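Peer 1: Chain by chain, the residues run as shown.
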Amino acid sequence: MNVDIDWLRGEFPKLRNLAKLSQGGQKVVFTALDPQHGHVVLKLIHPSQAQESVERERLAVDQVKSARVPRIFDYGLVSTQVGPCYWFLEERVTGEPLNEVLRRAPLPMSEVLKLGVQMLEALVKAEEANIVHRDVKPANIMMSVDRDFSLLDFGIARHLTLAALTDVSARWGKCTPGYAPPEQFRNVQTEIDSRADLFALGVTLYEAATGVNPFWKDTGDQLEVLRRVEKTVLPRLETAAAQPEFADFISTLTQRRRDHRPKTAFEAHTWLLEIVSESQKR
Amino acid sequence: MKLYLQFGHGMMEHCRHLIQSWNGGTVVLSPRDLEESRMQKFADRMRDFPDTSLLFDPQLYLPRSNHETLCAYSYWPSNYSTGVSWEVANLRTLLSEIFDLNARLGSDAIILPGLLASEVSDDWLDIQSAILNEAAMMGVQQELYPTIALSDAAILNTDQISKLLEAAESWDAPGYYLVCQHPRGEYLVNNPVWVSNILDIAAGIKLNGAKVILGYCSHQMLISACAKVDAICSGTFLNVRSFPPEKFSRAESDPKQRSTWFYCPQGLSEYKDSFLDIAHRIGVLDDLRPEEKFGGYANRLFSGPQPTTIGLKEPVAFRHYLNSLHVQALSAEKASFDETVNCYEETLNRAEDLLSSLHQSGIRGQQRDFRDIIDVQRAAIAALVATRGPILRRHWSAL
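Protein sequences appear in the order of chains A and B.
Going by the working numbering, the first sequence opens with residue 1, and the numbers climb by one from there.
Going by the working numbering, the second sequence opens with residue 1, and the numbers climb by one from there.
Honestly, the hints are just simulated from the structure, not real lab data.
The reader is advised that the hints may include incorrect statements.
[To be verified] Restricting the straight-line Cα-Cα distance to at most 16 angstroms, the calculated cross-link-like pairs of lysine to aspartate or glutamate (EDC-like) are:
(1) K263(A) - D277(B)
(2) K231(A) - D159(B)
(3) K163(B) - D34(A)
(4) K20(A) - E52(A)
[Claimed, not checked] Away from chain B, derived, C-beta distances all over 12 angstroms, residues of chain A:
(5) E52
(6) D146
(7) A247
(8) D248
(9) S251
(10) L253
(11) H260
On a predicted model such as this, the values are computed, not experimentally measured, just so you know.
Using N, Cα and C, we set each Cβ at its ideal position, and we do this for glycine too.
Could you put together the complete structure from these sequences and hints?
Peer 2: Printed below as a string of structure tokens:
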């Protein structure tokens, strides 16, 4: 989707310093300065995206109401050459996606713990709102210049109190292979709850601590990745800096069966805070 | 972890004796083994002992049973029909009868009836839920413990165990009575998946905040202390130390005279007296002598003469077994998950050393020898530690 910046300025006259930040298959993202909200991003969603799913994404962010999830200030529809596009005006987190950070080096353990705590803050709020993010992964986590973390992209979030928008009889569920648990990619809709996000967070924390996602190691084959998730377990976190309790925590989050994981994001959050507290005493 | 006495053939006197000697305890009453009038008299007498609790196992595992004693109970459905018998009105009648019987017996909690699950199907889960929901609405004061009765095939199927635990998350019961069929009728089960999945069910239920009573156990299930099971139940003959569903389907004749087995608690194995004679002859009999804490029931065997000339009478052998199990169950649970697991592993290690030395001397427990079971238990423990260890460790004191 090509967007003419002058045309965009005309459609959003209040925004200043409009500049293109990124472009994916389904959306184009711009940075801007808003007189009321300061630094913002403007997302234009391609018209091929079902309007209802875009609305669900907005609703999810609105309902989660977490300091760890960038707010949506405004939204609407704008007419374009390719059809009506949904747009979101969002809080901008200045920083770098975690996957880019990890490409250079793993995080120090203190930041891995911080990442865990802050993502669980977001997931606890999501759980309270009966929302499952379903796509927790480094590429959807922004590390700010203050080295805080924000959870982005509720594009495939599942609202547990609303009817599923995706095909419940489909063989495969929406997911990112190597982060989603078996019940998610096997599309067992009745088994999707916050424990799916805990699995993905466990893999993300492992990757943040080691720089490697073992499910993706030495393969580019998505089916092989899914097979690994279903048939193997994540290796125990054995970095020198990792406390055994934190390694236990990661192992528990990434159990293949969800009834072997913590029952809730709240329980996982409480547990991790205890681990952090113990580590600070040492 | 406690040992509850699983009532079975010839258990009356053992119950009286052991409950008195333990200064209290719990007996799980069995309608298969006792007519209602005799059970009532027995219950009345047992309640006179201090700190004694009674539970009644309705044994409705196979409701089409022709077992004469079971069918004579007032609650037993005379015309069982899978669809009709679980409709609300019929279910309510069944539960009312069971509640009344429990009231007459003076049960401390009520074990709800439960069908044997050949597989954990949606239909079976629906019936489980219906029984619990209906019972909860009937407003009895005692705690209600649903029965979870599983076939060997169901237990060995990890997906079905997962399905059961998923469903159990939504059941609101303070405790469960879990009974598990042994594969191929084995007394000691030589399959780590069976043991591991039972530990998984028990731990899952415990982590949901409910009690677990494991019915029809042998000493193999001392391992369940590692899942913080509240009680295991055991008794005299093998049909109460394992769960053979067919024994609830048709009456069996009274046990005939058979070999008497001596339980060596430190070896977790049982021996016929002829093997004790061999041990005596080659000078290793003392290795089998139980420590004093196990009660001295079998001391005569170690008093000098050849064991078969002394003869360990069957009732004494049973009391020795149950008292030893009582002592072992009580000491199996420790203050933390890791201590409990370590304690059990040490028990296995000691048993392994002893059995290895006894085997070199030709002393074997035959089908009741624990040596091949030790690795089964170790594998089950390893699986429990890997899948649930950190969470059990974290919640242990609250379970």
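Peer 1: So D248(A) supposedly isn't at the interface. Is its beta-carbon more than 12 angstroms from every beta-carbon in chain B?
Peer 2: violated (4 angstroms)
Peer 1: For D146(A), is the shortest CB-to-CB distance to chain B above 12 angstroms, so the non-interface label stands?
Peer 2: holds (32 angstroms)
Peer 1: Please check whether the beta-carbon of L253(A) is more than 12 angstroms away from every beta-carbon in chain B.
Peer 2: violated (10 angstroms)
Peer 1: Between K20(A) and E52(A), is the straight-line Cα distance small enough, at 16 angstroms or below?
Peer 2: violated (26 angstroms)
Peer 1: E52(A): least C-beta distance to chain B exceeds 12 angstroms?
Peer 2: Given a closest Cβ separation of 29 angstroms, the condition holds.
Peer 1: Does A247(A) really sit off the interface, with its C-beta more than 12 angstroms from all C-beta atoms of chain B?
Peer 2: violated (9 angstroms)
Peer 1: Run the C-beta distances from H260(A) to all of chain B and say if the shortest one exceeds 12 angstroms.
Peer 2: Incorrect as stated: the minimum Cβ-Cβ distance to chain B is 5 angstroms, not above 12 angstroms.
Peer 1: Measuring Cβ to Cβ, find out whether S251(A) lies farther than 12 angstroms from everything in chain B.
Peer 2: violated (7 angstroms)
Peer 1: Is K163(B) close enough to D34(A), meaning Cα to Cα at most 16 angstroms?
Peer 2: Violated, because 51 angstroms separates the two Cα atoms, which is more than 16 angstroms.
Peer 1: Checking one constraint from the list: CA of K263(A) to CA of D277(B), max 16 angstroms. Satisfied?
Peer 2: violated (55 angstroms)
Peer 1: Between K231(A) and D159(B), does the CA-CA distance stay at or below 16 angstroms?
Peer 2: The given pair, whose Cα atoms are some 14 angstroms apart, holds under the 16 angstroms limit.
Hints 1, 3, 4, 7, 8, 9, 10 and 11, counting from the list given before, are not met by this structure.
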